[in-house]
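Protein sequences appear in the order of chains A and B. Sequential numbering of the first sequence, starting at 1, is according to our numbering. Sequential numbering of the second sequence, starting at 1001, is according to our numbering.
Because the hints were derived from the structure by calculation, they are not lab data. Among the hints, a few may not be true.
[What the hints assert, rightly or not] Below, a list of computed lysine-lysine pairs in the DSSO-like style, where the Cα atoms sit at most 30 Å apart:
| # | chain 1 | residue 1 | chain 2 | residue 2 |
| --- | --- | --- | --- | --- |
| 1 | B | 1140 | B | 1161 |
| 2 | B | 1325 | A | 275 |
| 3 | A | 202 | A | 385 |
| 4 | B | 1208 | A | 385 |
| 5 | A | 385 | B | 1335 |
| 6 | A | 275 | B | 1140 |
| 7 | B | 1208 | B | 1140 |
| 8 | A | 202 | A | 66 |
| 9 | A | 385 | B | 1333 |
| 10 | B | 1061 | B | 1208 |
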Amino acid sequence: MNKRNFPSPLLKNDGWKSALPALISICAGLFTGCMIILAVAVSDSEISIKSGFEAVKLILFGTFAKGRDASGDLVFSLSESNAGNLLFRATPVIMTGLSVAFAFKSGLFNIGAAGQYLLGTSATLITALSLPVSIPRWLVWLLAFVAGMTAGALWGVIPGILKAYLNINEVLSCIMTNWIAANIVTWIFEDSPLRNAGQSGKIGYIKPTSMAGVSTAKLGLDRIFPDSQVNGGILVAILFAVAVYILLSKTVPGFEIRICGSNRDAARYAGISEKRLTVFSMAFSGALAAGGAALYYLSGETEFFWSTYQSLPKEGFNGIPVALLASNNPIAVIFTGCFMSSLSVAGQQIKNLTSYNEFITDIVIAVIVYLSAFSFFISRLIASKNRKEVR
Amino acid sequence: MTFLIQQTVIYAVPLMLVALAGVFAERSGIVNLALEGIMIIGAFTGVLFINIMQNGGAFTKDNAMTLMLITMLVCALAGILFSLLLSFASVNLQANQTISGTALNLLAPAIVLFLINLIANQNVLSMAEGDASTWFMIRKKALGFDTGKDYGFFLETFFFKNYPADYICILIFVLLSIILYKTRFGLRLRACGENPHAADSLGINVRKMRYLGTGISGALASTGGFVFALTTANASSTGDVAGFGFLALAVMIFGNWKPLNIAAASLLFGVFKCIAAAYSTLDLNGDGNFLLAQAGISTNFYRMLPYLITLLVLAFTSKNSRAPKAAGFPYDKGKR
């Protein structure tokens, strides 16, 4: 009998087998970040070793940092408000993660989530702020959300069509559409009355939607996580994750999409219209990314910096590690999204509390993506090690 | 006109060099999406090196050209080192090249901004003293020419107010194009990108060739990134080249992976990039009117023009483009 049929108990579990490479990537990424911090502390005379170790602590547990106490030591505590803020920040990242994961499942690399996110933001804000006051606010919320997702879908269709009918690499077209979107958004808001001219120093921002009375319902989450920004948006994001999971694994179109993702030619041979599916996948993917933007800005208090032409939103690109770490599993995206947002919180804490800056967490994220690129190799390594153990 | 040509050159030359970097990687069988990231690394390394050398006092304006040459070498070296990450992942670990390339594109700005913030306490690193044009440009005064005198169209356009770095880049471009097409090494490299199994059966070390291809690619892209920062950003590094590496990839596809076509394509893109950057001060026919600025079209439109044109050009030409057959696929000896 084949010995491969008897792996060790832990690795027999399929969930573990796919999660292990991700965990290894995370640990290696965090380890690299810590090493860089310590190396800087050792080589830079202006930064003490103690502050190096503080930064290491923050990179690992920054989400729970509360600041410094009277004696200057870091204080950590597990509080509901931190957890709530974490969930709030995770909402858009979960959505962009879903977007990238969905595209991956259909064999496409949606690196254009940033552009879709931006256009989703503008469509949402314009709808929420300019609809007449007579319309009920919940309806405005809904319309703004739908408008955002539609804008993202339309923007995703462009690289989709280019890929399906003209065979243009979607990575290239996505990057181009990202920068075009960045300029369009600046163009839209340049002389717009929606800019926040009322408050001094806020002209660079668009009015928060709460000024028009539109904000996401808390749905009781404010009682579970008091003093935090969390709102019903996170529940919507989780709902979307479940919906994408069901779509992909329980429905016929989802099945076709997955076939398309694993072998385009086989899909065509099986009579699946793979070109139409490619366009649909990019549209849906774009809608998800833009949905993240809509949820983030409909919270009511978040302000949008409209002069975007020089930089693309981070949430768009953070979708990539979120999806990769989750091995494109929509349910796992919820958790990796939370992890990614906790990393960005840690980055802000490092910036505020030490002489390092927030870009160290970007390094960690990049290392994680790099390692995810050969997660296949890692899982094969685990499998072969496992085989040796059996012998 | 002189201004238009000079501005076009400073955009077209780095584009050309970085596109050639893409060619070297893809011809050896590796898709180098990390061009953008490598450019960022190159720009940072170059600016940092100049900064350190200026602070050390070893160089002055008189021997700035030597400094520039050394800096270009240092950048090339940094590019090779950084691209090792890509070749290691895609050759040794058979990784997905799109994802590892993207990872490097994320890694480069992260490292660069992390270090710049530690060094300069802000998001920009510039030269320690002076600026790029007084140090690294060919100037009449420095060479003892009369500043007020006009020395004819040719000298005024292609010599004065030019960066020697651009001409060195063109030289490198020509040299490496010849190597790629007219030498035994070039033939072997291209074989690895078309049919690595056939190449392997004839005794060519595919792994080594792919390492070399990616290494050359890294050196070129990094140098291109430095020259880009030197000539268009006043030798400063911000951890960003605004999608220029991806424009270079588009130029590579548009140029059908062939050096001459790439040179022509980069000139075309250079013109658009130049219009986008300098449309408000562009005097096309020399009558003192700034036509483009007065046309009443938004700045934003000009700024998105290069990306828009790229998409359009790709849409019209991609049907006829022919990528190296094996590019993007990890080499697996047992597979055929």
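Structure-based check of all given hints:
1. B:1140 x B:1161: 8 Å, holds
2. B:1325 x A:275: 22 Å, holds
3. A:202 x A:385: 58 Å, violated
4. B:1208 x A:385: At roughly 28 Å apart (the allowed maximum being 30 Å), residue 385 (chain A) and residue 1208 (chain B) satisfy the hint.
5. A:385 x B:1335: 23 Å, holds
6. A:275 x B:1140: Distance of about 59 Å is beyond 30 Å: violated.
7. B:1208 x B:1140: Not OK: residue 1208 (chain B) and residue 1140 (chain B) at ~47 Å, beyond 30 Å, violated.
8. A:202 x A:66: 28 Å, holds
9. A:385 x B:1333: Roughly 22 Å between the alpha carbons, so the hint for residue 385 (chain A) and residue 1333 (chain B) holds.
10. B:1061 x B:1208: 41 Å, violated
In summary, the structure is inconsistent with hints 3, 6, 7, 10 from the numbered list given earlier, while agreeing with the others.
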